[in-house]
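Number of protein chains: 2
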Amino acid sequence: MRDYSKEQRHLAIEQTKNMPVGINNTSIQIFNIIRNSNGISRAELARVIGMSKSTISQHVNVLIDLGFIVESDETQFSGGRKAQLLKLHKTSGYVLAIDLGATSLNISICNLNAEPLIIESEDTNVADGPEIVLNRIVDVSRNLLNKLDLSSSLLKGVGIGLPGPVEFSSGIPVAPPIMPGWDQYPVRGFLEKEFGCPAYVDNDVNIMTLGEQWAGIGKDVQNFIFIKVGTGIGSGIVCQGNLYRGSMGCAGDIGHIGIDGLETVCSCGNKGCLESLAGGKAISMRAIEQVRKNKSQVLADLLAKQGSLSAKEVGLAASMGDAASVEIIKESGKFIGQVLAKLINFFNPSLVVIGGGVANLGDLFLASIRGAVYNRSLPLATRNLSIERSVLNEQAGIIGAAAMVLDKLFLEHMCS
Amino acid sequence: MRDYSKEQRHLAIEQTKNMPVGINNTSIQIFNIIRNSNGISRAELARVIGMSKSTISQHVNVLIDLGFIVESDETQFSGGRKAQLLKLHKTSGYVLAIDLGATSLNISICNLNAEPLIIESEDTNVADGPEIVLNRIVDVSRNLLNKLDLSSSLLKGVGIGLPGPVEFSSGIPVAPPIMPGWDQYPVRGFLEKEFGCPAYVDNDVNIMTLGEQWAGIGKDVQNFIFIKVGTGIGSGIVCQGNLYRGSMGCAGDIGHIGIDGLETVCSCGNKGCLESLAGGKAISMRAIEQVRKNKSQVLADLLAKQGSLSAKEVGLAASMGDAASVEIIKESGKFIGQVLAKLINFFNPSLVVIGGGVANLGDLFLASIRGAVYNRSLPLATRNLSIERSVLNEQAGIIGAAAMVLDKLFLEHMCS
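The listed protein sequences correspond, in order, to chains A and B.
Heads up: the first sequence is residues 4 to 419, going by our numbering.
Heads up: the second sequence is residues 4 to 419, going by our numbering.
These are calculated hints, taken from the structure and not from any lab test.
Remember, predicted model here, so these are calculated numbers, not experimental data.
Certain hints may be false.
Chain copies aren't distinguished; within one or between two, either way the pair holds.
[As the list claims (entries may be wrong)] Mimicking EDC-like on lysine to aspartate or glutamate, the simulated pairs with C-alpha atoms at most 16 Å apart in a straight line are: (1) LYS315 to ASP223; (2) LYS315 to GLU266; (3) LYS274 to ASP263; (4) LYS315 to GLU170; (5) LYS298 to GLU330; (6) LYS337 to ASP263; (7) LYS284 to GLU334.
Just chain A, same shape as in the assembly:
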């Protein structure tokens, strides 16, 4: 294995150290109120926040100077006087957002509200290693900038999600199991050098969680869990309004939580791991088993036609009334709900968002998860709990990658 690390890694860490540490809470509060409004006057801001108009104006002027907000032409009447409305300055800069999966690549240019202006999706193979994949990312990104007729100097930052563990502070993948060749590769440094702006790297589930928080049903929710059910299963945690990464950066790694007493052997070597019982791969294996046992003609036909069976085909078969497929989906949902019930007792969130490809299995899947949770969680913990499907779907990663950059950029500017 090559050792990219030492010097480059040291450089990445040094760069991180230069980030300011304090945070101006008021400016951030003001920015977020403006961002979430359709335009708001200084007087209204002062009233909402409970500060003098002059103090508000000081912060507002800083935000305008930084290009984050703009005084719009629209006005509203306030106390008999016309007041100009402040709005997010969405196009004073752009963000390059990248969602890299094991076999898929989504790249987007977003505005400063993390809204994708253009998205390019293609197949990839992360196992080709960082040079090939990252150079392809650079090519596609430059194409997108050209299509939008934007100079790369307008890029305020780059955000990327990777399908494996990342040391967030340095932007370096750490022993990612399905990414051969990427261990310790300075992804952050590569992107910063290539695009000449700050870059941030995190794992795919964390950026999807940020996407849900920025533009999905997690908006304004203080404590929630996002669960990605894809080939594997992982989760992201928002605690007191912030993404929580844990002490070693692996918080939310719920795919290998064990269901007590079950003997299914997981790729990790343990038995009864949630992922090995309820993830997309488990669903696919169970479907093939049903075909082999002659339990489902619908699945057998789909297998003959497609050559493979994924969660998507199982969902299709279930919607056609195939009993074996309905059972597979219900069982997968039940396992997820069983683990979730425990986490809800512990963490007491007000929202759980289910995302990832397998979440598209639909209402039957969601109902099974909910059933298992309500069956086994504390009544107080579920009293105001919602369990919902993601509304952002495959865009969660792109929006989240952009949101990660914007959160960071804004904090840095505010603190410098």
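With chain A held as given, fit chain B onto it using these hints.
Then chain B, alone, in the frame of chain A:
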């Protein structure tokens, strides 16, 4: 059921609203550095925090005016000049700290470093209802103030932990299962009226967690879980340096997390709850069962002598080599570790502290918990994880009740 609530509750909530919302991070940072030092000079503070000496001095002067810190007589040489040392002003005020259990009451007067100056412990019965118990608390507290020759006007605040769920913002117990008569009783209002200073109320496990954070092995740990193993089992969560209470205030309620597939019926109506398998009551019941089955002469002798068997006697029997008792303790630890392994995968803390009466079962108990965790958690999640017994023991609640007051008082003063 009586309805104490409406007006008094409204009052309590109104009082809460008057609390300032912003926080002066720098002042708090300075205070905490001083509090944790054995004396530090202004110049050293400026160097540590990375701010100018004049800015530091502004904050320091505010802290001195508020009586939180004091310029001590001690000096140190700094850059060729003598510099006076700043220290916590421990005795510019006092805090009344109360740890109320189902059958036990600990009351203490603490200094402004949450150090108990005097502790009074007695039996109580929380089921006698709030009037009887709270009036007894007032009598004992006044006695303690007299013993120390302190006027109650020197009390800066009162902190109390209750053995049941509490709405923290209003200081009111919410449907506490083992506290008949206390539901919706305005505990906070009662104490504030009686002692003429701010009062704060939380559940017993949360205050023990705060105690561990203030003066125990949780000091300076950003993310940890405190587990109280007593008659029941509960936990407190410190997330990113703050006690995390969850969306409905019931975060950490792990006693009713189920072990999959087990059929032991819990008092909550569910099967396989952790508390019903591994808490003090479960240990006691299992010990009696062993006596009934003639599996342990040691336990039979202890039962005959004491008339009952608690976790303490099981621990004693185990230390005498009683195989049945060793087995009971190992099994209890294993169940706790089994649940903990899942929570560690999810939350990725760097520390788990085991406290409460049953934690005194000793190394065998701790080893069983550790074994089950290391056996079933992700390697990355346990790489830097410590699982330790509380060093504060029964003082955790008292220190935590005082710490809760000091945290709040300090924030309030700083923001007003």
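Evaluated hints:
1. Proximity of LYS315 to ASP223 under the C-alpha cut-off of 16 Å is found in neither arrangement, the shortest distances being 32 Å within a copy and 48 Å between copies.
2. Neither within a single protomer nor between protomers do LYS315 and GLU266 lie at most 16 Å apart by alpha-carbon distance, with minima of 26 Å and 36 Å respectively.
3. With identical chains, the CA atoms of LYS274 and ASP263 are at most 16 Å apart both within one copy (9 Å) and between copies (14 Å).
4. In the homo-oligomer, the alpha carbons of LYS315 and GLU170 never lie at most 16 Å apart, since the shortest distance is 33 Å inside one protomer and 45 Å across protomers.
5. Taking CA atoms no more than 16 Å apart as the test, LYS298 paired with GLU330 passes inside one copy only; the shortest distance there is 11 Å, against 45 Å between copies.
6. Taking the shortest Cα distances, LYS337 and ASP263 sit within 16 Å of each other both inside one copy (14 Å) and across copies (12 Å).
7. Proximity of LYS284 and GLU334 under a CA criterion of 16 Å is satisfied intra-copy only: 14 Å inside one chain copy versus 34 Å between copies.
Going down the numbered hints, you'll see the structure goes against 1, 2 and 4, while the others check out.
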